[in-house]
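Each chain, letter by letter, is given below.
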Amino acid sequence: MNFTFHDRRISGLLAVVPAHERTFLEEMKNFDFPVARSMKLKQVMGYDKHRIVEGTVCASDLAVFGLEYLFKSKLLDASEIDALIVVTQSPDYFMPATSSVIQGRLGLKQDMFCLDINQGCAGFLMGLFESFLLLDQLSVGKVALVNVDVMSRKVSARDRNSYPLIGDAASLAIVERAGSGEAIHANLKMDGTRREALMIPAGGFRLPSSQETAVLEDDGTNNFRCKDNLQMDGSAVFNFVQVEVPPMIESLLHSAAATTDDIDYFLFHQPNRFMLEKLAEKMKIPFDKMPSNIVGQYGNSSGVTIPMVIVHNLRERLVGGSLTACLAGFGVGLTWASMLMRLGPFAFCDLIEYP
Amino acid sequence: MEEFLQRLAEVLEVDEVQGSSVLQDFAEWDSLSALSVIAMVDAGYGVQLGANDLKKLGTAQELYDLVLERRRK
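In the order they appear, the protein sequences are chains A and B.
Residue 53 in this note's numbering sits at position 53 of the first sequence, and the numbers go up by one each step.
Residue 35 in this note's numbering sits at position 35 of the second sequence, and the numbers go up by one each step.
Quick caveat, the hints were computed from the structure, so don't treat them as lab data.
Honestly, I wouldn't trust all of these hints.
[As the list claims (entries may be wrong)] With a straight-line cut-off of 27 angstroms between C-alpha atoms, the simulated DSS-like cross-links for lysine-lysine are: (1) B:K55 with A:K29; (2) A:K49 with A:K154; (3) A:K40 with B:K73.
[To be verified] Some chain B residues near chain A, calculated using beta-carbon distances under 7 angstroms: (4) E2; (5) S20; (6) S31; (7) D42; (8) G44.
Heads up, the beta-carbon is just placed ideally off N, CA and C, and yes, glycines get one too.
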């Protein structure tokens, strides 16, 4: 389905990553594969370093740290936030919502709309959709959109399929009215029949965690994980992205009467370098217009990767100026969404470390 | 078929692949080679194969036959 939004912008963007960094070379010994093959994997997928939380750091810890930074740096006034949207697949609790946890920990005002959204790699776009819609209300002037995940806590360290790419991070986007500017075009599709391609089978009400769900099993390819862990059907996800994303972008550009030449950057979710390069080749987009360097620097942090690719690569351009960007997210659900919008100038576009 | 075998050899980083070559017998066959083959077949033939399809296959010839069959659909 297609969407058009008017009078909306992102006015600032902050990313928070754990200071704790691990490298693929250190972790390689946990995998049951020949060293040469793991080195090949590193090269093809672009794996190198990733940031993961230590101990029991939770989603709200990263988000509260980031919001406090914005308050202290006078980049955001707490009283201005009228809505707090938290997009996460790794909430602090089943209940209450992590947005309520964050609101309470920061002592934010009661005149506030708090909402959690359970979304992953398309989560930044889902969050923007909701933020844009809330701004239809005059009582909402600023929306704080938080994307956060600490999925490393749910990935088996002996799963070469998922562990080397996982990253933990949070991002805070301030969304408000633009006053003027161009229309924002977007589209979204969802397919729940393919919901098992990316899932954590146990730990919910369908299959509560137990001793059995904690037993590591070989999936047949020397990767060991249990039902409490994230499970990803790599080839199904690869095919999903290669089949669904190019026509989605084509349709988006068509709706906006734009061509790829009109786009300064294709800022896509960052599953791994391999998948992004295959996508760029298929869509005939030069690699330098589609950065793919986030997995190797920080890891894949689901819905946080689009903010990460922005703050890591385009900070100078966006603080001083603006650019036309095509954003796209694709993953769990399955969900795939894209958006064509003008980004910048931002009041802030930073990356900070959670100690 | 010849072109297909050549592409397969490039992806598997070996000098030559024959129709009778058994995929799983390549020294370096693993989930990464499987994904590389899946990507090659997607980019070159517009056909989507799953990891499970590859597990069921024996030889390069069988892989080629499956690609042709899927492409016809």
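* **Ascending list of hint numbers which this structure does not respect** => 3, 4, 5, 8
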